[in-house]
Amino acid sequence: MKKNNKNTITFVVCSIFILIIGLFLGISLGAAQIGISEIWHSIFNYSEKLELVLVRDVRIPRALCVLLTGGILGVTGAMIQGVTRNPIAEPSLLGVSQGATLVVAIFYAIGISINTTNVMIASLIGAIFSGIIVIGFILKKANNSSITKILLAGTAMSTFFISLTTIAGLLSNQSQLIAFWVAGGFRNATWADTKLVTVVGICGLIIALLLSNKINVLSLGDDVAISLGQNPEKIRLITLLVMIPMCAAAVAVGKNIGFVGLIVPQIVRKTLGEDYRKNIPCSFLLGAVILTYADIAARMFYNPYETPIGIFTALIGVPFFIVAARKEKG
Amino acid sequence: MKKRKLKIISLILISLLLFSLILYLSWGSFKISPLDIIKTILGEGTKLQKSALLNIRVPRLLVGISVGIALSTAGALLQTITKNELADSGIVGINAGAAVAAVVFISLKTADYYSELGNISIYVLPFMAIIGAGISAAVIYFLSGRNRIRPQRLLLIGLGINAGLNAFITFFTFRGGVSDYNRVLVWISGSLWGSGWSYAKIITPIVVLMFILVHINYKKLDVLNLSDEHAVCLGLNLNKERKKFLTYAVILAGTATAFAGNVSLIGLISPHIAKKLVGPYHKNFLVISAVISTIIILIADAVSRNLFSPIEIPVGITISILGVPYFIYLMIKEK
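In order, the protein sequences belong to chains A and B. So the first sequence is residues 222 to 551, counted in the numbering used here. So the second sequence is residues -16 to 318, counted in the numbering used here.
So that you can see chain A by itself, here it is in the shape it has in the complex:
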């Protein structure tokens, strides 16, 4: 037990340290390099100098958005993996993010102006819709949970939503705009976006922490949960419902980012063991770290153009996916 605690402390300290370096790099690197003194000045001495405005209104909100979105993705991954006892589950592999994207695309297509509020409303509608289908599927299948089946269903759902998104784009002659929006990552992150992910992220984290004890029980198996006086179906339902607004916020700000919710909880479980009271906050932290560096890579790889951030998360994610898949029997 003691050794475990020590592990946790080391993990948290290391992650925070790496995260701070990442934040600094994220703010200073880019098409225009910005030194540490300018970052300092832009925060503490107000002036209208171009660099300072750039830092204040572009780089800092972006860095914060990336951090918080990463955290949200990490937590949702941990939650869904916990309640389904499935190491490969993740919102974007299950089609929830794609459902959110579809409604945003429809908003584009019918000409509703695209700002933070509207995008959030749209992705919330989409996430609720697709989330309910996924919940129906998981609740039905979780007992004889076959990972392959849930994932196949998720892949099919994603294909379906992406197809409808494409049609919405083609018919309204906005397909390129929509595709750019989807793959655009955090390019247009503003302070309004930052507020959104801050609120949703912190609320989500707190609720997830409150649920963590129950997720712990559920991760032991339905039989154990029932004998401990818990209703597994209910816990699963509540957890998945909490995830929906979190996924929606992540899509609204960071668009479709796959694999973060897959990798993070796996690493956390490997290093810290399976206790969701610790795993959930640690997943938040590690998600933030991974996405921060992925975003730096997305900006620097093809400088001054941006590369879709999903490529980098997929690059790290696919090996993890395969390792987990190879453990499957049958």
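By construction, these hints were calculated from the structure, which means they are not laboratory data. Watch out, some of these pointers could steer you wrong.
Stretch by stretch, here's where chain B covers chain A in the computed footprint (C-beta under 8 Å, at least three residues) [stated by the list, open to error]: (1) 295 to 307; (2) 526 to 532.
Some chain A residues flagged as far from chain B (calculated, every beta-carbon gap over 12 Å) [stated by the list, open to error]: (3) 228; (4) 261; (5) 270; (6) 278; (7) 386; (8) 543.
Heads up, the beta-carbon is just placed ideally off N, CA and C, and yes, glycines get one too.
Position chain B against the provided structure of chain A, taking the given hints into account.
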């Protein structure tokens, strides 16, 4: 009794096939009545009808049929090899591998739009796509334990590879302007847009040849359907045969993807319907599955071309919107 059932099924399928052929050739922004189609083919149509039919619709029809047959046969082979009804070259990432290779090849070869593809490139393109499909199939094969294929694992790993490759393709969305974007869209979702004689004369012979090659092996495929122990007892070298059929599937899927992009789910649906109609014996099953895929792709493409005319929807999109509900239904029903 059984013979009679087969006869009825064939009759229905043939009439559906005829219907879809006529629909495909006559429905369009320039309508041609069925009678005029026959006249034009016999050489008595007006100039406009001739050019619409012989230069545009017939080659596209041939490419469409070839793509449908190739994908459904590849899907049938994969389903037999993995003993899993849900396998499909699109779902497990073989098509995506081909699409990545094709997109990389095209963007290295030409800076311009689709039609600028040179003559030699058109011949090289399918080979590149087959190589891409082969690499992705080999990766999936080795990672899923090469000595004993574990069906679940193979599917899962395929799903992962597919997701990764699709993320990679989006990279090409951002390399250029509108034309580049549209080109990538065709690859991602699968479309018969722009198929002319230059495509038809390459893809049709390859697919016909491969289909015959697969079909003469129908007895071996039947044996593969049995349990591994039975198959070995009957004197089948399991690993060798599996590798051989996997290679065939790769060639078929790669060729289809080279010309039509990543059309997924048709390779899952057609063999499945065929199996329901005529049972699992490959002699009839392969043919029926090919016919069904032809009907599906022709109707789907006719709809994609005309429903929102003049805007054309990629045929892969139409197929997946029709196919996904069927797929989900299959999974819920399967215990």
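Hints, one by one, checked against the model:
1. 295 to 307: Three-residue rule not met by the stretch 295 to 307 of chain A, so violated; n is 0.
2. 526 to 532: Check passed, 6 qualifying residues.
3. 228: Holds, because the least Cβ-Cβ distance between residue 228 of chain A and chain B comes to about 29 Å, which exceeds 12 Å.
4. 261: holds, 34 Å
5. 270: Label holds. Min Cβ-Cβ 31 Å, cutoff 12 Å.
6. 278: holds, 24 Å
7. 386: violated, 10 Å
8. 543: The claim is violated: residue 543 of chain A sits with its nearest Cβ about 6 Å from chain B, within 12 Å.
When the structure is compared with the earlier hints, violations turn up for hints 1, 7 and 8 and for no others.
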